[in-house]
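Go by the hints and put chain B onto chain A.
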Amino acid sequence: MRTRPELLSPAGSLDKLKIAVLYGADAVYCGGQKFGLRMASDNFTNEELREGVAFAHAHGSKVYVVLNGFLHDEDLVSLPEFLHLLEAIKVDAVIVSDLGTIETVKANCNVPIHLSTQASCLNVESAKLWKSKGAERVVLGREVSLSDAKEIREKAEIEVEVFIHGSMCMAYSGNCTISNYTQGRDSNRGGCAHSCRFEYSIDYSNGENSKSTFMSSKDLEGVALLPQFVAAGVDSIKVEGRMKGPHYAGTITKIYADALRELETKDSLSPESLAYYDSELLKVTHRDYSTGSLSGAAGDESVYSEREHDEKEYEVSGVVADFVRDEFILLEVRHAFYIGDELELMPFKGRSQKFKADSVLNFINETREKTKPGELVKLPWVPGAEKLNLVRRRLC
Amino acid sequence: MSPILYLTESIELEKFSNTDFIVEPSMLSRFGKLDLDKTNKLSQKAKALGHKVYLEWDILMVEKDFVQAINFFKKIELDNFDAIRVQDPGAINWCLENTNHNLHLNLETGNHNFPGIKSWLDKGKNRISRIILSIEWSKSQLSELLPKLECPVEFLGMGRILLFYTPRFLLNIGLSNRESTLEMGNTNHWLEAAGQSEESPHKGFPLLENRHGTYMFLPSDHCLLDHLKDLSEVGISNLRIDNRFMSDELLNLVLEQVKTPSEEGYLKIKENSESRLIRGFYNTNKSDVLFKKLKNHRIQRRDENYLGQVLDVNKKNYLAIKLKNPKKNLELGDQLSLQTPDGKTKYLTVNWLKDCAGNDKKTASGEDLVFVNHVGGVSVRASVYFSYE
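One line per chain: the protein sequences are A and B, in this order.
Okay, so the first sequence: first residue is 1 according to the working numbering, each after it adds one.
Okay, so the second sequence: first residue is 1 according to the working numbering, each after it adds one.
Isolated chain A, as found in the complex (with noise of 0.2 Å):
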């Protein structure tokens, strides 16, 4: 068996964090009510934190905790609390931003600390900078090659953690601050209003224009490359999505954890698998895929040339929230559904099994036509679901 990579998927909430952790994650990354880049997520409180520390231990699986906002002298008064808390319950490291953070971390807990691609750690010396610092891994910024990302961790010797997957910024991350002088939010801090999404009219000097969301990134996503991330020594795939629903969270991650279980005995994807993960991929929303800088400097095929809209080839209609065994299964409905619609129940592991929704009853046993969110209902049993599975439609 070969060493592969680390999988590593966002859990922007506890839900997310079982529901990645069950559909095969290494390690998942989550934050706390404070100090990270995603002051709208769920995020964790410390209980929750606890809770799913524990969950993801007891499944073999790791969690990091962000820390990962630009922290100002008042946001660090806080911290070394909330650092004696994440030591306590056995977090495995946290994710920083900047040298204040290192510095408060190394004083009061023993935690690892990896660099967050806030930092823009784009080459070796970078890497070297960081590790003197004290950190042990480099979440690289998004702008470096895999043969980059490659050379880094040899001549740095450091652990690398690249994304795989997800949204990216336009710029270098960290250098950004549309909403803290537009809005009044601090980017850096969590409070990202996604102006770089705008359609934007554009007026050259020259006397020419154009209307476009010149700024906008299509998405990340690189299962066809990785097998170059393994032979590259990547140390972390990293899938981007805090903010993102429990249908992407597991489908993601499913789908990463069935490439690299296919690579631990393989140096390549076969052609029917990578286009079964090219199809599963494209039935969780997402903005046009690009490769971004893996392979070489992002171009222009990677600006997304449309404004932000949600079009989806499949919906979650909901998570399986417990089950009897041969007799039903009970869906906590997310979007709504028919009587009779087609479903797709994934799981774990393997492929997705399809069924018709022929009886959809509530817990008195009432007929439900039509499901709503935030309903329970029993379907009917799909031999091998178990608590946490995700159940589908496709839309269109």
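Far from chain A by the CB rule (all over 10 Å, computed), these chain B residues:
1. T8
2. K33
3. D37
4. L49
5. G50
6. R211
7. L255
8. L332
9. D334
10. S365
Chain A regions said to be covered by chain B (calculated; three or more residues, Cβ under 8 Å):
11. 69–80
12. 97–109
Think of the hints as simulated: they come from the structure by calculation, not from any bench.
Idealized CB from N, CA, C, for every residue including glycine.
The following block gives chain B in isolation, referenced to the frame of chain A:
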């Protein structure tokens, strides 16, 4: 405070005395236009006239660009320079290990606390002769920080506010006659535009694309030239004037104001500036106060009495509760309080308790999903707590 200016080709050096100049080679600096020959000649001339001369190396670099930058750097006549201004941590590390020059650390991105800045100064030991701080530091934050630093501090006195920096070439895409990638990598590649969006109240964002990528600036310029006494008192030692996007006439007014500050002088600058002038975050930085409005804190789990969350509500029939506190059991007769997402609190005594198969239970624990008797006014996602009142 003496001003620091950018040494552009149009600057008549003889008209200045004892001024600090930043020299920007195109290869190393974000907005530089100088090739190697001009870099060496201009810096030599400025040095010969008695000015302080600093080399700007502020681009961020992936490994390939870093190697090219070093190759270029080695051809520069470094004797002409009093210090090197660096921003990429890789460039900082390389300069510390491979040059003897003093460094000006550009800490404008991601450095907003004292322990971090101290750590940078420790890293550079005696080689760091100046640090450049972000204009996101407010006056009150500066007055707490600066007395603790034993290093001169530079701050932007007047100039454009950079909002966005990417290595991708984004402006070219919209042109009818596009330049080739090769041309975009040239010293002379320089494309300017103005942008606006219906989704933003701000109009006329200056946009620029050059060999290092694409930049967006705020339509308003940063200006603290009416706060010069404050800045000096708070401990700012060096005031940078970004004259690169400024007319000669305006620059003269600015330099006069720095030399002899007056309210009248500031008003003249305001009148002559093409952009609106703002103080940014200087008076106060409250860019985190809106965060608490970004999500509903009422439904967040809060304390040790937490039991779980309401997953389903069937009027007059039942509530479904997902237990989420492994340390607590739910039992028949327990009294619960339910905090709804819209802020209401409802109370419930558990009269019956069933599992999803409809079996009666006396107790539930761990991560069980249970059904209990209904209480009015409760909605899905309500938080459930034990009520000991």
